[in-house]
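Engineer: Single-letter residue listing:
Protein chains: 2
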Amino acid sequence: MARTTGSTSVETGQRLRRAAVSLFARHGYAAVSMRQIAAETGVQVGALYNHTTDKQSLLFDLLSDHMDDLMAALDQVVLPADPVLALEAFTRFHLRYHAERPDAVFIAYMELRNLTPENFMQVESQRRAYEARLEEILRRGKAGGVMHVADVKLACLAIIALLTGVTTWFRPAGRLSQAEVEDIYWDMTRRLVDA
Amino acid sequence: MARTTGSTSVETGQRLRRAAVSLFARHGYAAVSMRQIAAETGVQVGALYNHTTDKQSLLFDLLSDHMDDLMAALDQVVLPADPVLALEAFTRFHLRYHAERPDAVFIAYMELRNLTPENFMQVESQRRAYEARLEEILRRGKAGGVMHVADVKLACLAIIALLTGVTTWFRPAGRLSQAEVEDIYWDMTRRLVDA
Numbered sequence: 001m002a003r004t005t006g007s008t009s010v011e012t013g014q015r016l017r018r019a020a021v022s023l024f025a026r027h028g029y030a031a032v033s034m035r036q037i038a039a040e041t042g043v044q045v046g047a048l049y050n051h052t053t054d055k056q057s058l059l060f061d062l063l064s065d066h067m068d069d070l071m072a073a074l075d076q077v078v079l080p081a082d083p084v085l086a087l088e089a090f091t092r093f094h095l096r097y098h099a100e101r102p103d104a105v106f107i108a109y110m111e112l113r114n115l116t117p118e119n120f121m122q123v124e125s126q127r128r129a130y131e132a133r134l135e136e137i138l139r140r141g142k143a144g145g146v147m148h149v150a151d152v153k154l155a156c157l158a159i160i161a162l163l164t165g166v167t168t169w170f171r172p173a174g175r176l177s178q179a180e181v182e183d184i185y186w187d188m189t190r191r192l193v194d195a
Numbered sequence: 001m002a003r004t005t006g007s008t009s010v011e012t013g014q015r016l017r018r019a020a021v022s023l024f025a026r027h028g029y030a031a032v033s034m035r036q037i038a039a040e041t042g043v044q045v046g047a048l049y050n051h052t053t054d055k056q057s058l059l060f061d062l063l064s065d066h067m068d069d070l071m072a073a074l075d076q077v078v079l080p081a082d083p084v085l086a087l088e089a090f091t092r093f094h095l096r097y098h099a100e101r102p103d104a105v106f107i108a109y110m111e112l113r114n115l116t117p118e119n120f121m122q123v124e125s126q127r128r129a130y131e132a133r134l135e136e137i138l139r140r141g142k143a144g145g146v147m148h149v150a151d152v153k154l155a156c157l158a159i160i161a162l163l164t165g166v167t168t169w170f171r172p173a174g175r176l177s178q179a180e181v182e183d184i185y186w187d188m189t190r191r192l193v194d195a
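In order, the protein sequence lines correspond to chains A and B.
Be aware that the first sequence starts at 1, since it is given in the UniProt record's numbering, and climbs by one per residue.
Be aware that the second sequence starts at 1, since it is given in the UniProt record's numbering, and climbs by one per residue.
A hint or two may mislead.
As the list claims (entries may be wrong) - Okay, the calculated bits of chain A under chain B, using three or more residues with CB under 8 Å as the criterion:
{"hint": "1", "stretch": "10-24"}
{"hint": "2", "stretch": "61-68"}
To be verified - A few chain B residues that face chain A, going by a derived Cβ cut-off under 10 Å, partial list only:
{"hint": "3", "residue": "Arg-26"}
{"hint": "4", "residue": "Gly-28"}
{"hint": "5", "residue": "Val-146"}
{"hint": "6", "residue": "His-148"}
{"hint": "7", "residue": "Lys-153"}
{"hint": "8", "residue": "Leu-176"}
None of these hints come from the bench; they were simulated from the model.
Don't be surprised by glycine CBs; every beta carbon is placed ideally from N, CA and C.
So here's chain A without its partners, still in its complex pose (with noise of 0.2 Å):
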């Protein structure tokens, strides 16, 4: 089947993209060089070009598309007016979407100190966009009566944190099951703020 050169330019971008996460992931991304990332892409390095201005540029979209991902897969979640079952809902989503991409994930934390201070801002503002979910559904918990939290932006990222860790350990022919460690890691948050 004959594909158009647009088709074709979008799969080379994804492949880029999937190449650079996971050299980037793999080796850090001050050690990873335009020539190998082609290499990995299957593309001769003028070919990136189409698709990227620099390096920076390409950590700044990896990064920031995340978060932008990230925002649009929550906003997908409906989140019920209850708090606790709001809570219970994003802390299911948090986990499930962060556990499917761990280097996406190492590469979020571990790569902002590479971010042009411009750059670090905006993603920093994605970041405080997406917590923001976290805290107003704590703070209207708080507010109800029915949560217990002492500071609503330390308990945003001390739950934050605490899933995102699963990223780290889990495997999926592990001794729990995600469904198991979901339900496990969803007890301790709903206790953490006495839901």
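Position chain B relative to chain A; hints supplied.
Structural biologist: Frame of chain A; chain B shown alone:
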């Protein structure tokens, strides 16, 4: 004051380790050369090899010694027989120890991937020995009926992720003092296990 060669050598070794931690944290292991480490240490490259055989040994020593130092510091903490008081002592210790060493924590997590399999197994077993201390407290709390712990292993990993996460955002000049952060994190940790 004249210094012996021995004490000079110890000082150079300490400067070398500080230089390596700082460079690895900023640029990543793979992107840093022994030449850069020598320049940051303030010695000739050749002099580095009085202290380490190669970059892999240096990384292994940093990560392995990080775990040894952590265990030695924990051994200095009196952990009360009461499991809830022991959990509080562990929580406050872990927070303080890690908050003071954000670079070392960052590379201890990020550079595991750059260890040889043999070196990785060694550091992993040191990490597990540390986690075993917390698991022991949780197991006693559960057995004594003073904590709700659905899964000791997962509660241990969750608590460590939650507490270590503080290193990614805590700044001494921030909204909350270290003592306030510590109190709020202890409150959340306690609730997480219903203690």
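Engineer: Would you mind marking each hint as holding or not holding in the structure?
Structural biologist: Now the hints, each set against the structure:
1. Requiring three or more residues with a Cβ within less than 8 Å of a Cβ of chain B, the coverage given for the stretch 10-24 of chain A is violated, as only 0 such residues are present.
2. For the stretch 61-68 of chain A, the proposed coverage by chain B is not satisfied: 0 residues have a C-beta within less than 8 Å of a C-beta in that chain, short of the threshold of three.
3. With a cut of 10 Å, the hint placing Arg-26 (chain B) at the interface with chain A holds, because the nearest CB-to-CB distance is about 7 Å.
4. With a cut of 10 Å, the hint placing Gly-28 (chain B) at the interface with chain A holds, because the nearest CB-to-CB distance is about 3 Å.
5. Because the beta carbon of Val-146 (chain B) sits about 14 Å from the nearest beta carbon in chain A, more than 10 Å, this interface hint is broken.
6. Hint status for His-148 (chain B) relative to chain A: holds, with the closest Cβ pair at about 7 Å, below 10 Å.
7. For the restraint placing Lys-153 (chain B) at the interface with chain A, the shortest Cβ-Cβ distance is roughly 8 Å, inside the 10 Å limit, so the hint holds.
8. Hint on Leu-176 (chain B) holds. Least Cβ distance to chain A is approximately 8 Å, under the 10 Å limit.
Violated hints, listed in ascending order, are 1, 2 and 5; each of the other numbered hints is respected by the structure.
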